[in-house]
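Asker: Take a look at the letters that make up each chain.
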Amino acid sequence: MKLTLRIWRQSDREARGKMVSYKLDDVSADMSFLEVLDVLNEQLTTAGEEPVAFDHDCREGICGACGMVINGVAHGPQKLTTACQLHMRHFKDGDTIDVEPWRARAFPVVKDLVVDRGAFDKIIQAGGYISAPTGSAPDAHATPVPKPAADAAFEAAACIGCGACVAACPNGSAMLFTAAKVAHLGALPQGQPERASRAAAMLHAHDEADFGGCTNAGECTAVCPKGIPLTVIGSLNHDILGSTIRGR
Amino acid sequence: MTYPGEFFVDGDPIADTKAPDGPLAERWTKRRSTGRLVNPANRRRLDVIVVGSGLAGGSAAATLGELGYRVRCYCYQDSPRRAHSIAAQGGINAAKNYRNDGDSVERLFHDTIKGGDFRSRESNVYRLAEVSVEIIDQCVAQGVPFAREYGGLLDTRSFGGAQVSRTFYARGQTGQQLLLGAYQALERQVNAGTVQMHTRHEMLDLIVVDGRARGIVVRDLETGAVTVDLADAVVLASGGYGNVFHLSTNAKGCNVTASWRAHRKGALFANPAFTQIHPTCIPVSGDHQSKLTLMSESLRNDGRVWVPSSAGDTRSPADIPEDERDYFLERRYPAYGNLVPRDIASRATKAVCDDGRGVGPGGRGVYLDFADALQRLGRPAIEERYGNLFEMYERITGDDPYVTPMRIYPAVHYTMGGLWVDYDLSSTIPGLFVIGEANFSDHGANRLGASALMQGLADGYFVLPNTIGAYLADGPFQKLTPKHPDVAAARSGVTDRVQKLLSIDGDRSVDSFHRELGKIMWEYCGMERTDAGLRKAIELIRSLRDEFWTRVKVPGTGAELNQSLERAGRVADFFELAELMCIDALHRGESCGGHFRAESQTPDGEAMRQDDEFSYVAAWEFASPPVLHKEHLTFEYETPSQRSYS
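As you go down the protein sequences, you meet chains P and S in turn.
Counting along the first sequence from 1, when you hit position 18 you're at 18 in full-length UniProt numbering, and nothing is skipped either side.
Counting along the second sequence from 1, when you hit position 609 you're at 609 in full-length UniProt numbering, and nothing is skipped either side.
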């Protein structure tokens, strides 16, 4: 199929960017979206132009590196799918496709489609863990975990940290990301001792990093490639309330 | 059947692996209880660099930080959480014997030695099995959400044909959950100030001063700045080199550069030819293909592998009657059927495709059919077991495996070879330690399923933090500055190379070279290797490498985010590695594990080991030609036997 890609080009953090059009003549329906960018970059390179920079790594939807807004939707039109797993059979011959980086105050554009998501790491640093230094663990069966709790923890832990939730949120909030980790660790018995302080510290780091507040728009969960449910934000609110009552 | 003189020369054998003596089961305890310690107050004055943030690097950096060392950790990704360990699906082995099914440390040790086709070191493997038990405890304490039974206890499954159920898992995302556990422990130490994390930085050389590894040269991938970081020890946890084949299940960024640069500085590289080809991957769909996707091995528990009985049968699978199908694994290996080990399934698949009986585009694929299982167990049961995998398959191929059989083909998945390390995980350069897939230890010529995660975490959480102390007890070492001649030379070597790559300004992209190199490797150094093929490959690689250095086009500059430049440096190192892999494969005239030499097979086409001649680790010294140092393997507790699965 033939496609026109309109891609955001920006040479560095300070530069002004703009949309640039590129035509591709021979796109196969079996290609992934990123493979189309590969083909474009091959063309650009041979023509002596600068290829489009984009983050990607595993290309199987689990590392969370790739992320771009495709026709206005984070990761594109297919539900529960990262850009790397989006295949061209979901597009039509002759389509024009807009490709933009994540847009959020807390995610500055580094170059073209590459953004700086370092703020996510800062949120985890603030408390997104259980303090269990190596060697200090009791036997794994010392504390049984009810299966529903284990399953709830797993569902929240499936977050890949791609940042689509932030890109989709009208407020540029990272509440779904933050809450997913709070819900994961808070569902487990091992996570109880630090539960309230964790939520408070992570929320504080979230706000410090210039993410916006949550107004329950729900755009985040709609684009989340792992289907993290909005209910995790309820868990976060619960834990924040607990931390307020306990004065931490 | 070795060829010294032509492609390599023989060097001195490796005399000592530094393993403690005494009974096997007591060696690790002995090392831990007699190794030298570093006073906690002194740890604060010792700098350790960790390169890579996957299961091995992330867990090591976190643990060294907890111990109080000053740690700096580097990764090329934008966050340590993205390291490729994250993509591991199946599970992690541990000899917990929670099932009371007869598992034990001894049995896991035995299975690993046998699975590795008797090409690994007993002391190391025993320690791995021993430590496996602690890993599960550690991960559970961190909040890793392993699958559980209704009683709240951990669930396990049997994996890769093991007779015991010792594989712990978190749905099909075990690697992700274990990595996030290590990542969170790492970020906790960042918060505590013991670890400094440097993302989007790539190690481009090792700094060796007075015979010790003393630091690294790194390039900031965003700004292009080339700087040096000096320390008392360097830990490489930079993963495997499967991407030398261009198409593999590795992440696009996985590369050999950190290991190869260390190799060029004197670290021996062991068994580079030992690569693992995984039988169940989604086949290549066209020339645009950028990577291959693994479908979990667990699918072979219920799927039946078949091809049409006659070549050139292009009917759709539903139109091929039962008696015109060849269930070739069940036919050739009646005892194990579809569950034969990875290397055997892969070769059998290649053989039927070479016969012209492969299916799908290009005839490189075989069916993995769930029709029988769907009939026997019903769709809900299959959905429960494999739902996410079926979805992933459909997303990529557009075919629904509940209706049409999956198509699969083998792909490069893991590399058992890597930098040579002794019992303490020290390379041949004092102060340079190598952990995880980047080292060669533990898996011999073939890795068992669910053992990569085990080894990465064993090395990072438990082994290295205990063994590195004995080395650091002699530190801090002489204070160095970037002006030291050896440091400055390493740095200018890197900047010169970057300039060289940019200045060629040819007419071919980096990717086009990588693709061509990958084809050579897959054809001649893939599932089946021959004397003639490997000689040809060496010739082809050399000429392609010369072409690369005259015709490659790297657009842009060195002072910016330049992904073409990053790839160019990695591909340049892959060329050098590729040649060594072929030399290693050529010199090892036997078949063993994932290394199949067509000249060394049994009458019925199975791999034939030759213990009299090849019971050693081939550790290569960088030189022209390379120098082979043999570490002879001795088996005090296991008796090497020929594997048999028919």
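The set of hints was computed from the structure by calculation and includes no laboratory data.
Yeah, the Cβ is synthetic: ideal placement off N, Cα and C, and Gly gets one too.
There could be a bad hint or two in this list.
What the hints assert, rightly or not - With a Cα cut of at most 27 angstroms, we get these calculated DSS-like pairs of lysine-lysine:
no. : chain 1 : residue 1 : chain 2 : residue 2
1   : S       : K553      : P       : K23
2   : S       : K114      : P       : K18
3   : S       : K30       : S       : K114
As the list claims (entries may be wrong) - Chain P is nowhere near these chain S residues, computed Cβ spacing over 12 angstroms in every case:
no. : residue
4   : G102
5   : Y183
6   : P405
7   : T550
8   : P640
Asker: Work down the list of hints and note, for each, if the structure agrees.
Answerer: Right, here's what the structure says about each hint:
1. S:K553 <-> P:K23: 22 angstroms, holds
2. S:K114 <-> P:K18: 59 angstroms, violated
3. S:K30 <-> S:K114: 25 angstroms, holds
4. G102: Its Cβ never comes within 12 angstroms of chain P, the nearest being 18 angstroms, so this holds.
5. Y183: Violated, since 7 angstroms does not exceed 12 angstroms.
6. P405: P405 (chain S) clear of chain P: closest Cβ-Cβ about 18 angstroms, beyond 12 angstroms.
7. T550: 16 angstroms, holds
8. P640: 34 angstroms, holds
Hints 2 and 5 from the list above are not met by this structure, while the remaining hints are.
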